[in-house]
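There are 2 protein chains.
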Amino acid sequence: MPEDVFKALADPTRRHILDELADRSGQSLFEIRARLATKHGLGMSRQAISQHLAVLEAAELIRTRRQGRYKFHDLNTAPLERLVTRWLRTDAAEDNR
Amino acid sequence: MPEDVFKALADPTRRHILDELADRSGQSLFEIRARLATKHGLGMSRQAISQHLAVLEAAELIRTRRQGRYKFHDLNTAPLERLVTRWLRTDAAEDNR
DNA sequence: TTGCCAGGCAAGCCGTCACTTGCCTATTGT
DNA sequence: ACAATAGGCAAGTGACGGCTTGCCTGGCAA
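Just so you know, the protein sequences line up as chains A and B, in that order. Residue numbers are given in the numbering used here: position 34 of the first sequence equals residue 40, and the series is strictly consecutive. Residue numbers are given in the numbering used here: position 57 of the second sequence equals residue 63, and the series is strictly consecutive.
In short, the hints are calculated from the structure, not lab data. All C-beta atoms in this analysis are idealised placements derived from N, C-alpha and C, irrespective of residue type, glycine included. Errors might be hidden in some of the hints.
With beta-carbon atoms standing in for the labels, derived distance ranges [said to hold, decoys possible]:
(1) A28/A <-> A54/B: 32 to 42 Å
(2) S31/B <-> R72/A: 47 to 57 Å
(3) Y76/A <-> R72/B: 50 to 60 Å
(4) F36/A <-> K45/B: 20 to 30 Å
Please build the complete structure, drawing on both the sequences and the hints.
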């Protein structure tokens with residue numbers, strides 16, 4: 007299940023989205039779109055970012071909460087923590103995967 | 007340049023290769039191919055794995071050393087270390103990328 | 001030397017992915 | 001009520017990625 011995390015992190019635009027959510031939590035789709043455009047020069051359609059957010063949500067890298075007609079996105083760093091340590095630990099070899 | 011690391015990690019076969027090299031360092035192409043086949047049930051062509059190794063080497067996740075007609079592969083965990091910490095540190099925000 | 005073995009190069013196929021476009025639903029403001 | 005706003009749901013397109021196949025090169029052993 008957390009195998010999708012790698013796939014989600016593969017795209018640079020999605021990594022920029024994570025950067026934005028790390029900088030300011032609880033942003034809406036249009037906010038993210040605006041900040042990607044101004045700060046990173048990414049002029050993408052609204053739907054493109056919506057699909058990226060769907061991928062990130064499926065990988066559980068972001069959590070969403072609806073509020074009226076707004077949908078706010080929050081970063082969830084939990085899947086990131088034991089992701090790379092899989093190869094970093096050179097001591098006791100326990101196959102926990 | 008370490009942006010390719012994410013792309014390299016996106017493929018499950020490549021992650022299995024890293025697992026193998028983490029388990030036994032300095033394996034050759036045919037060794038890796040054999041162990042992927044037996045331990046993970048991956049019956050892939052030699053060339054497929056060669057291409058995967060090329061991607062991993064381009065991302066500097068493995069280092070290679072030629073010795074006669076053999077080419078040995080070693081895991082290099084250096085690019086992995088400050089990869090995920092980009093989103094994990096919630097303290098001082100320095101844009102080092 | 002001759003043959004075998006480890007590996008590289010290049011083209012081609014096919015599936016997946018990122019992105020767009022068009023249309024539709026729901027909620028808020030006037 | 002009506003219009004504007006925030007977002008969702010497809011379907012279609014172009015490009016990239018993984019894998020195969022075929023041929024070629026360098027090193028080692030008999």
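query: At the C-beta level, are A28/A and A54/B separated by a distance inside 32 to 42 Å?
result: At 36 Å between Cβs, range holds.
- request: Hint says 20 to 30 Å; check whether the CB-CB distance for F36/A and K45/B agrees.
  value: With Cβ atoms ~48 Å apart, the hint is violated.
field: S31/B paired with R72/A, Cβ distance criterion 47 to 57 Å
entry: With a Cβ separation near 49 Å, S31/B and R72/A satisfy 47 to 57 Å, so the hint holds.
query: How does the Cβ-Cβ distance of Y76/A and R72/B compare with 50 to 60 Å: does it lie in that range?
result: Roughly 58 Å apart at Cβ, these two residues keep to the hinted range, so it holds.
Checked against the numbered hints above, the structure violates only hint 4.
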